[in-house]
Structures are given as C-alpha cells and as structure tokens.
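Q: Sequence:
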Amino acid sequence: MKDNELHFLPLGGVGEFGANLALYGYRDRWLMLDCGLAFADETQPGVELLVPDASFIAEQREKLLAIVLTHAHEDHLGAVQYLWPKLRCPVYATPFAAAILRSKLEEGGLIGQVPLHVVPIGGSATIGDFTVSYVGVTHSILEAHSVAIRTPVGTVVHSGDWKLDPDPRVGRLTDEGALRALGDAGVLALMGDSTNALSQGHSGSEGALRPSLRALIAEATGAVAATLFASNAARIETLCKAAAANDRVVVMVGRSLWRTVTAARECGYLNDLPALLDEDEAERIPREHVMYLVTGCQGEQRAALGRIAFGEHRNIAFARGDTVIFSSKVIPGNERPIARVVNRLVRAGVRVVSEKERFVHVSGHPNRDELKQMIAWLRPKLVVPVHGEHRLLEAHAELARGEGREALVVNDGDRVRLTSEGAEVIEHIETARLAVAGSGTVPLDTTSIQSRRRMMYNGAATVILVFDGQGGPVAPARVVLRGIDMPEGTEETMRRAAEERVRDLPRPRRRDDEEISLAVRQALRAELRVLGNQRPAIDVEIVRVPTDGRVGAQPRAAKRREDD
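Mapping of the sequence shown onto my numbering: position 37 corresponds to residue 37, and the numbering continues sequentially without gaps.
Hints listed in this document are in silico derivations from the structure and should not be mistaken for laboratory results.
Check each hint, because a few of them may be wrong.
The calculated lysine-lysine pairs, modelled on DSBU-like cross-linking and capped at a C-alpha distance of 35 Å, are [unchecked claim]:
{"hint": "1", "residue 1": "356", "residue 2": "372"}
{"hint": "2", "residue 1": "63", "residue 2": "381"}
{"hint": "3", "residue 1": "63", "residue 2": "86"}
{"hint": "4", "residue 1": "86", "residue 2": "104"}
{"hint": "5", "residue 1": "381", "residue 2": "356"}
{"hint": "6", "residue 1": "372", "residue 2": "329"}
{"hint": "7", "residue 1": "104", "residue 2": "329"}
{"hint": "8", "residue 1": "2", "residue 2": "86"}
{"hint": "9", "residue 1": "241", "residue 2": "104"}
{"hint": "10", "residue 1": "381", "residue 2": "329"}
{"hint": "11", "residue 1": "329", "residue 2": "356"}
{"hint": "12", "residue 1": "329", "residue 2": "2"}
{"hint": "13", "residue 1": "2", "residue 2": "63"}
{"hint": "14", "residue 1": "241", "residue 2": "356"}
{"hint": "15", "residue 1": "241", "residue 2": "2"}
{"hint": "16", "residue 1": "329", "residue 2": "241"}
{"hint": "17", "residue 1": "372", "residue 2": "241"}
Here are the in silico distance ranges between beta carbons for each label pair [as the list claims (entries may be wrong)]:
{"hint": "18", "residue 1": "176", "residue 2": "211", "range": "18 to 28 Å"}
{"hint": "19", "residue 1": "211", "residue 2": "482", "range": "48 to 58 Å"}
{"hint": "20", "residue 1": "198", "residue 2": "491", "range": "48 to 58 Å"}
{"hint": "21", "residue 1": "218", "residue 2": "317", "range": "36 to 46 Å"}
{"hint": "22", "residue 1": "177", "residue 2": "117", "range": "22 to 32 Å"}
{"hint": "23", "residue 1": "404", "residue 2": "219", "range": "26 to 36 Å"}
{"hint": "24", "residue 1": "369", "residue 2": "212", "range": "16 to 26 Å"}
Fair warning: this is a prediction, and the values are worked out from it, not measured in the lab.
The C-beta atom is built at its ideal place from N, Cα and C for all residues, glycine as well.
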C-alpha cells in the first residue's frame, strides 16, 4: 500500500445480511471493524452458526492491529470467540459490548486470553496509524456506535447499525453534533447501513410503541407471551412496563434475554424494571397475570418459543385463549421457520399478533429520510453501501447520488483503494462462510456437511457386512434405506449387489476394509442409477469376527461414507 492509499476490504455483510466483518488497511497494517456471525438455514443441516472466512487476514495476522466493535449484536461481534484464536489481536469495545463479549468469551474458554480494551462511550483510541473515534447512535441495542477512522489519507465513517429516534426509551440519541463536526472537518467516505434503503420515510420511535403494546396486552384473557430480539434492551423495558400497566408479572425465558439484562445492569441500565421471574417461578401465578418474554422470534427450532410451540419445553405450554406477540421483524430468509412456529401456535388455538396486524415493532435501522439526513450531516465525498443484499446496496447508492454524492457498490471480497482523487476496486479476494463446529470452524464443503446435505435431500443407504479374519462372509449383508422412495424389494436387490461385488474381490483384498468399502459403494451407486437415478449418502459398515467367534465391538473401519 502506498502512503496516499487507504484500503477497504469487506469479508462479510456486504451483498448479504449478517456476518459483518470489514478490514481497513493503511501502510500494510489492518484494522478490523466488527466480527459477526450469521445463522444457518435449512439448506445447511446440522449447522446452526456461520462466520466469515477470515483466512486473508489470519494468514498475515502480524499485520492486524486490532478488532474494533461497533456494538453488541451477534452479527457484529458473535464471531469473535470463534475467529480470535486465528487472529490473536486486541479487541476494542464500549462498556456494554465488552460486557456481552466477556460472557461469550467465558463460554468459549477464552476469558483472560483476549486483550479487551474498553473505550468510554463517545471515546477514541489511537491504534497504529489509525485514530478511531466512537460516535454514539441510536439502535435496537445499547451503546451502538458509528466509528470514525482517521488516517493521513482522510477520514472514513463506518456507520454500523443506527437510526434516528427522538425517544429511544433506553440509551442515547444519535449524536448529531459529533456527526456534523465530522462533516465540517471533511469525510472521505461513508460506509453506510443499507438495511432499510427501500423503506420510505422514517423508521419510527420506540417511545411510540408503549401505548400500542399496553392496549394489546389489555385485550388478552389468558397468558401473554412476547417474542423479541433478545439484545433489544429498550424493547425489554417497553414490554415490561406495558405488562406492569396490565397487572401482569414478567417471566423471562431464554438465556440470551437474561444475558442482556445482566450486562445492561452492569452498565447502569434497566435498573427500574419490575421484578423479573424465571420460568420455574411462574407456576404459582395465574395465567391471566403472566407475560412471558421469550426468545425465538426468528423461528429458531431450539429457542424457547419454538420448543414451547412444538410441546418440547419442560415448564411452559400455551393453550387456547393465550396470545403470542411477535415484537420483531422477519429477517429475510427466516420466513419459513417463523411460519412453522406460527402455524403450530394457531393450530393450538393461540392468538398470534405480528407487525402485519398491529403496531408492535419499530426497526432499529434507518429508512430513506434518515439516510438522507446522515449524508447531509457528514457530506462525504463517497458513499459505499454496506449491511444488506445487493438490491438494498443499489437503492442506497441511488439515494446517495440523488443527494449529490458519488457512490460505489461493492460486494464481499472487493478490495477498494481510496485516495483523495477517488475510489476504485483493485482486486477481488475469494470469500466464504464457515460453519461453527464446537469451538472451531470448518468449511461448508467439508465431507461431513456435504453428507448431511445429501442425506437431507437424497436420503441415506447403509450396508452392514460381517467377515471373518480371512475375509470370508459370516452372515448375509444387511441394507437399510432411509428417506429414499424406491420400489418394493430395493433393499434385497442392493443386498445381492453388495454381496456379489464382495465375492468378485480376491480374498487378499477382502481383508482391506478400504477396498471393500470403495467396491461396495461403486456397486450400489450403479444399482441406484438403474433403479431411479438417485444419489443418497452411502455408509458401508464392516464388522470383523475374531477367530474365537466373538463379534468385535470396535471394527477396524466401522464406517465409510460416500464423499463425492
């Protein structure tokens, strides 16, 4: 990098929702803005969490100065515990984000290992040639910030998630004065939130929600439950106050809700809430005097609402006459899992209310009028839309041009060179998402995940073969088909095909489990093509019987799964 260049390289969150991670480079040193995760969908069976592939910077981690977090949402800090072992750099955050991160690092066994620097609200830090200034903004979580990055090339503002709200209930107003001051000093580029770039007008105020929610709860006769984004402290307060106004006790269900309240109270927020009960304490309270706050507003199967809806929760069940309020929006891609939960509730006689029917939610992101206001305050030379799918990026760029600003639409992996003369994409870095597996990550194209996907879409066939020590068959082969729609007798046909293929192998090769597994898989694939051109995942399980006649409990090569 030349001294007159500032580089911008998003590795996640541009052209997609979630997994936000952006790099800023100057004089061959990098700063990471956010390190977030995304949630897997039904096309990734057995996978719950996804994180950006940070190989580009992990391979040169000695050049990474720090991770700077804009706020505490999972899609902005949730990947730190999974990627930090590959990065091993300091992390900068304001108090609430630091409190949330500490609890996650403790879960991941990293507490005390990650150098965590807490920056005061509205504070700044000098990190190498970068001076980072936090500018407070309103969002659906406490202590959200835009970040101004000052370098010798110029100042870039990374907006993070934000909105304008005259009455946010909990937290601070967007710092108009600080934004205007940045504009007066000169802003080279604004990397701006595009989530609501197609939504007209203003996003609405949290303060306006309370009367609507109070009235809705007053209509209910049975138990009431509200599901929400667990990190939204202002919504927690709004719902608790609305419940208290209707003589209802609040019961919180979901670990992430308790984590938010605990972290908020550590930082001086939410100290005037009514008493909060856990689910074990709710049994003694009449249903008409209970309001549950539950996780699972996006239809997550393992979250509280999903488990309650499907009768899998140990303490809570909803019944006819109860009311469930979705005080949240639908994140694109989550329509189907949410619909499954809603339909299950409705089938049980539960009244379900969402933002389609009543005023129960306001967005935490800026609509078009707010985007125009941010541009007017900052007056950037260039707007680079981030945080959104491609059509939203294009809409944000079109809006910026309408306000007299240059705009550049990029995607994950596009490396942008910024100078005082302008900006251009100079190369593309391959990007991907990784699946979280335990405390680490694996590529989505690993054999195990490919096999899960194949089983989900094409079913699975398992063949069990039993041999003596010399490679002779001890019992007939057994075939088990799962999730495969085949004619009657298919198992018998496949059993014969497997046995014939084994008989064709010379006896020395029958002593090699790898040889047998490969040969049987090839035979079964050929048979399945004839029967119906299907491609299920194929397991070959081989058991060797010792010379004394006892079946070995630990076969030498118990499973070989199809991996092509």
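Q: Is residue 241 close enough to residue 356, meaning Cα to Cα at most 35 Å?
A: Roughly 23 Å separates the two Cα atoms, so the pair holds.
Q: Please check whether residue 198 and residue 491 have a Cβ separation lying inside 48 to 58 Å.
A: Once the Cβ atoms are compared, 53 Å apart, the range 48 to 58 Å for residue 491 and residue 198 holds.
Q: So the hint says 16 to 26 Å: do the beta-carbon atoms of residue 369 and residue 212 match that?
A: Distance hint for residue 369, residue 212 holds at roughly 22 Å.
Q: Is the straight-line distance between the alpha-carbon of residue 2 and that of residue 86 35 Å or less?
A: With a Cα-Cα distance of about 27 Å, the restraint between residue 2 and residue 86 holds, given a limit of 35 Å.
Q: Is it true that the CA of residue 329 sits at most 35 Å from the CA of residue 241?
A: Between residue 329 and residue 241 the Cα gap is close to 21 Å, so the pair holds against 35 Å.
Q: For a C-alpha distance cap of 35 Å, please report whether residue 63 and residue 86 respect it.
A: Holds - the C-alpha atoms of residue 86 and residue 63 are around 13 Å apart, at most 35 Å.
Q: Starting from residue 104, check that the Cα of residue 329 is at most 35 Å away, please.
A: holds (25 Å)
Q: Kindly confirm whether 22 to 32 Å is satisfied by the beta carbon distance between residue 177 and residue 117.
A: At 25 Å between Cβs, range holds.
Q: So if I understand the rule, the pair passes when the alpha-carbon distance is 35 Å or less; does residue 372 with residue 329 pass?
A: Given pair residue 372, residue 329 holds - Cα atoms ~23 Å apart, limit 35 Å.
Q: Verify the CB-CB distance for residue 211 and residue 482 against the hinted window 48 to 58 Å.
A: For residue 211 and residue 482 the Cβ distance comes to about 54 Å; the hint holds.
Q: Tell me if the straight-line CA distance from residue 381 to residue 356 falls inside 35 Å.
A: Status violated; Cα separation ~39 Å.
Q: Quick one, are residue 241 and residue 104 close enough, alpha carbons at most 35 Å?
A: Holds, because 29 Å separates the two Cα atoms, which is no more than 35 Å.
Comparing the model with each numbered hint stated earlier shows that hints 5, 12, 15, 21, 23 do not hold.
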